[in-house]
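J.: What follows is the residue order along each chain.
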Amino acid sequence: MAARDKHGSGPPHGGAFSVIGQPARKPDGLAKATGEALYTDDLALPGMLHAKTLRSTVPHARLKRVDVSRARALPGVLAVITGADLPEKYGVIPWTQDETALAVDKVRFIGDPVAAVAAVDEDTAVDALELIEVEYEPLHAFLDPREALSRAEPRIHEDKKDNVTKHVRLEFGDVDGGLAKADVVVEGEYSFQGTTHAAIEPHCAVARVSGDGLLTVWSSTQITHYLHRALAKVLGLPEARIRVVQPALGGAFGGKSDPFSLEFCVAKLALLTGRPVKMLWTREEVFYSHRGRHPMQMKYRTGATKDGKLTSVDAKILIDGGAYTSFGLVTTYYAGQLLTGPYDFPAYRFDSTRVFTNKPPCGPKRGHGSVQPRFAFEVQLDEVAEKLALDPIEIRRKNYQGAFTTTVNGQRITSSGFGQCLDAVEKASHWKARHGRLPFGHGLGVAGSMYISGTNYPVYPNELPQAGIQLKVDRSGLITVFTGGNDIGQGSNTVVRAIVAEELGVELDAVRVVAADTDLCPVDLGAYSSRVTFMVGNACIDACRKMRAQVTQALAEKWGVEPSRVALVKGEALEAGGEERRLPVREAFQLAEARFDTLGATGSYNTPKLGGDYRGGTIGASPAYSFTAHVAEVVVDLETGRVSPERIWVAHDCGRALNPVIVAGQMEGSAYMGAAEAVLEEHQIDHRGLVVGPNLLDYPIPTSLDTPELHSLIVESVDPEGPYGAKEAGEGPLHPAIPAIANAVFDAVGIRLRELPLTPARVLKALKEKRARDDAAGLKVAGGK
Amino acid sequence: MLRLPRFDVQEPASVAEALEALARHGDRAKVIAGGTDLLPNLKHRLAAPAVLVSLARLDELKAVRVEADGTLVLGAMVSLDAAGAHAEVLRRAPALALAARQVSGPQLRRMGTVGGNVLLDTRCRYINQTHFWRKALGFCLKKDGTVCHVVSGGSRCVAAASNDTAPALLTLGASLSLRRADGERTVKVEDFFHADGTANTRLAPGELLVAVRVPAQRAGHRGAYVKLRSRESIDFPQLGVAARVDVEGGAVVDADVALVALQARPVRLKGVADLLRGRREGEAALETAIEQAGARAYQQCHPMPNVPGDHEYRHEMVPVYVRRALKAALGSA
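Those sequence lines, one after another, are chains A and B.
Counting from 1, one number per residue, gives the positions in the first sequence under the numbering used here.
Counting from 1001, one number per residue, gives the positions in the second sequence under the numbering used here.
With the rest of the complex left out, here is chain B:
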């Protein structure tokens, strides 16, 4: 079995204590929630923190609640399993529930958390390997090396955002509550990620993701998440597509599509709302608009040979999965 590096574990009893520990240890520390992403990465020697600050005892981060204005708030430590099964999540943010249900397999969803999935490190066929394997490869930009094996001559890491929940949150207009010792800020998910595979979030040093906030959706909100992978379970996305379609009086009033596992950040498909708006359910024009959305996605999205799966095939699957996501969303009413 691969060995973990040696580290200390601290188990603060409150968010304040956790922030204090993070401040104290600086970049020698890493946060551990469910550990399903972090521990394999440590075994692969992608990081060597001296201290892990565990959030396991922070019960205040384990609740799902609905605020007076209808905002759905998921604590960062809500398990993916709980999020996927929660009645309010299913009702108010079906795409998020479906995404949570498609992360990995049942055991890891019980350990893995919503916050952990949002902050999942980017993935690449050349990085999520053992130290020995990466050494034989000659290492790469993201860790220990200077070259990119995905883009020849590339100077920016293109490891892919592989978090299933991120595109769902994008379509839902969600925000993240980030707490520091001196306060809290709220960042929209669409502003949180950027296209650098070595570090694709704007989480500041010493900052803790405490909650995911999904604003109240329209009355006719519908959503879905579909995922391309080799198997029906376990695998990370080779492509993930979330869709939101708001339908009022039988007509689409707004729509949004976001994708993951393409590049270092989840991406929003441009112009979907314009294509679908005003189209009525059951009419051919809606079908046509969905086809057009797929075609547009094919033009906008260019999978790279970063995550497993033939990238040309993944490109061909972009329109298929965009159509499937939209149809699944429409059918979810």
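Excised from the complex, chain A in its bound form:
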């Protein structure tokens, strides 16, 4: 089995990189900018039908009757399906499968799919939905996670013993002892509101059954492989009769990493009608399918010695999961497991519980499971620093665990550039001259974080590679590389192209990437857990090195030199030293084809065995961790309470920036998204169970005018495990944004906000309370800090 270690982190030919590290344009960038790119909704097949979903109007009920006869009779309607047509359960994690494509017996939230219609056009399908009669027998709806925790009946999932998805309690070291011996203990309750991804492309799927019975599903998914398996299970078809393709994708951020109702519905409707079927969700339906960041209520206790060294951290977390599990098992672990860096925790305990509620299901959103605890802890760490009169950067530096170490919960840390990240944001923000010294209303805040570069825990246990690559080298000089990896805009195809160009010495435009098509590409597990660059990248190097060996050997034999003297660089094959012969690389490929037969190679990657030796110890174990530090600068309007993040300096250790423009883009996008969650966004459910304003007018994502100035500072620690030393850059850089902004608000106006988002109303209320406290203490707020 292939693992990265044997390939080292340098270029294939010694010397300097020629492609890696260069700011190359994305291969699909122009097509997306000009509108030429084909998204799933751009597919229009002959005879294609359009499908729509009927959804529950009640939050929790037994389905007494679903009568589709009138809908079926409507001219133009070709098929109507209900839960009875697709009763097989699915779910991304094999042992928590609790979803069906359409409701069977019960509905569990407002928006839960009940029936689907395929008709000649969308309008007819919409009209048909109105003709379906549904009778509900309402059940008590759980909208408060505390109630769901304390009350087992009625059960939202009747095969469970109560309304708890998962409870995890893990303890490492002497937590109570650590708190007892601490000079200072800070306790606090923090809450995260729940947010959604708001990817600009709504979910869409198209299915077609060809004459020979092959089912093809095109979908805006970030997990082609898991979807392939789920379709086979739910439809009762062999995997070999199903092809899944991901066309160009307009953003995902974790919101497309579950199998979704529409994918099964279009497939079933295509099988029933024999015609292609498309379903495009409305924005409102995307809000119902959700899988957004979980609301969490978090209690933290942190102990430290007088000089600022942490002694112990104790966490209790209640997670509001919504109606289904999705990745919830992992979420419950991640909420605790991913907090143990970049700081050294001598002792740590977390008690984390995810409950079901009658709301749209939560799931993974960029920084899955760990963004909320990171907010709580980094704010609490600031409170510890405040109590000890320590500089907030200094306390982080003091507790930094360093590189090549093991965390308290048994996670192996390899490279770590967190110290450099702190240095970089401190310097760029002029922290020393400005923190604590800006005019009242202006402030700086810092926070740090750690995140995984993929996990060694595939969602279904198996011994197979986690990423595979196949190369085809053509005598024309063109290299086609086949990857199961899902490019969801993060640039994974760009990375694959750059690695192949580097390894085989060709120009970027001599490499074509074919991705995310289960008929054509070897399996990759998908775009989640920040795993694609790391794992597909390693698999790619693995395949390329095999191919390169053939090409260099063929040339070496022709030139009568050692293969190590042959370099492939920028379209040429060169002899290093000696007679310095050179040849177009295309001719070198032809020599190799003549010498070895038609050229092709495969490569793969699997993680080393990792993780703590306890139940759940592999969850959160990653072959390498990225590290981030932010300094945020905010302005607080003292009259309106509005918090405006003005600037964010993001320093991120991505190991090695394979393409610095894309890395910086991920850092900026992450900070943008985090800042939005800090001050604006809230996926709110009202007392009826209705999503408050499921549209992009009521759910405000920042416009360009609301976006802070973003400064990306790339730190390269060159990790021994990553492709050329690279680690993730797509999710980690989000984490510190929220606590850094909250900490900056404290620096600006002296209030600690522990509840998100930092709305003007909350800020104003806290300012008033502070004025009242200060007045009572005979101080004057406006007099300075």
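These aren't lab readings, by the way, just hints derived from the structure by calculation.
All C-beta atoms, glycine included, are put in the ideal place defined by N, C-alpha and C.
Be careful, since some hints might not be right.
As the list claims (entries may be wrong) - Chain B is faced by these chain A residues, among others (derived, beta-carbon under 8 Å):
id : residue
1  : Thr57
2  : Asp123
3  : Val126
4  : Leu280
5  : Leu680
6  : Gly693
7  : Asp698
8  : Asp706
9  : Leu764
To be verified - Lysine-lysine pairs mimicking DSSO-like chemistry, simulated, CA-CA at most 30 Å apart:
id : chain 1 : residue 1 : chain 2 : residue 2
10 : A       : Lys558    : A       : Lys570
11 : A       : Lys768    : B       : Lys1270
12 : A       : Lys768    : B       : Lys1327
13 : B       : Lys1043   : A       : Lys32
14 : A       : Lys558    : A       : Lys166
15 : A       : Lys770    : B       : Lys1327
16 : A       : Lys160    : A       : Lys64
Using the hints, position chain B against chain A.
T.: Relative to chain A, chain B alone:
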């Protein structure tokens, strides 16, 4: 994507033809100008007209002109973008220009019109939603239902006037030219709106808003419009405040403040002129008067939980935005 209901579109080439079409189709027809308010509302099934009478070809409604007596006349089809950038609008009615510039975002301001903004339908968190969502809610007074979700037990719709231009026009003493097949009437903006969220204007059936008329202001006219919203763009007002302050010889001679996004009609703040009149720029008494105007606004205005945004917070913002509007107006000279 949400689907539009099916309808026919007519594109008359003159106002006369448009009026004829409206007369012919009666309440089966709706007028479409820029469509930025109407089309989302149709997608939400808040109306189902069989015919849309488009004003797109009526070039006669697309001009801004100044009459001999200094009256500024904006055709109903002048885009918000054009109104906000027009030199005469900026000079003669700065509050209107500032309001137009703060409607939605750049793309929608190029489509949206002055007339359309004046006639913007009232808005509420419970009405500007899809048919499915409203069905799950149990519908409401304004459309398809019998209850109000804002005021428990309420029998009158309190959806909020959300047109940024309306308070500016109120402070400017503007009027509206309304044309019918049998003639034209002019209605003062302050008489045009009434406090019923289901239909908050006095536009008669078959009548077309053709122009907005802003009378000549005093030599020392100053004006401004400020807006509370979640973001710096796109959003409808959670509170909008227009101010007019006329300053002659360094002293305030008249003033007016109007607010929007409180109730179904834009409202004028009472007694502002009395507070500010005679106060001189640069003197503390003017600052005090502005503070008092804010305090008075807090007493007079009571935001309801109709539009998005915490209504208690919006109430707290009333004096802040009134002060800001007055100060912005004073600073606009």
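J.: Hints first: check each against the structure and report whether it holds.
T.: Against the structure, the hints:
1. A least Cβ separation of about 4 Å between A/Thr57 and chain B falls short of the 8 Å threshold, and the interface hint therefore holds.
2. Residue-level restraint check for A/Asp123 holds (minimum Cβ-Cβ distance to chain B is 6 Å; threshold 8 Å).
3. Contact between A/Val126 and chain B, as hinted, is supported at the beta carbon level, the nearest pair being about 6 Å apart and thus within 8 Å.
4. Given the 8 Å rule on beta carbons, the hint for A/Leu280 holds: about 7 Å separates it from the nearest Cβ of chain B.
5. Taken as an interface hint, A/Leu680 checks out: its beta carbon lies about 6 Å from the nearest beta carbon of chain B, inside 8 Å.
6. Interface hint at A/Gly693: satisfied, since its Cβ lies 7 Å from the closest Cβ of chain B, which is below the 8 Å cut-off.
7. Below 8 Å, beta-carbon pairs count as interface contacts, and A/Asp698 has one with chain B at about 6 Å; its hint therefore holds.
8. About 5 Å separates the beta-carbon of A/Asp706 from the nearest beta-carbon of chain B, less than 8 Å, and the hint is met.
9. For A/Leu764, the interface hint holds, the least distance from its beta-carbon to any beta-carbon of chain B being 7 Å, beneath 8 Å.
10. A distance of roughly 21 Å separates the Cα atoms of A/Lys558 and A/Lys570; the hinted pair therefore holds under the 30 Å criterion.
11. As the CA atoms of A/Lys768 and B/Lys1270 are separated by approximately 29 Å, the hinted pair is consistent with the 30 Å bound.
12. Restraint check: the Cα-Cα separation between A/Lys768 and B/Lys1327 comes to about 24 Å, which is no more than 30 Å; the hinted pair holds.
13. Among the hinted pairs, B/Lys1043 with A/Lys32 is consistent with the structure: their alpha-carbon atoms are about 28 Å apart, no more than 30 Å.
14. For the suggested pair A/Lys558 and A/Lys166, the alpha carbons sit about 63 Å apart, so the restraint of at most 30 Å is broken.
15. A hinted pair counts as satisfied when its Cα atoms are at most 30 Å apart, and A/Lys770 with B/Lys1327 qualifies at roughly 28 Å.
16. The hinted pair formed by A/Lys160 and A/Lys64 meets the criterion: a straight-line CA distance of about 22 Å does not exceed 30 Å.
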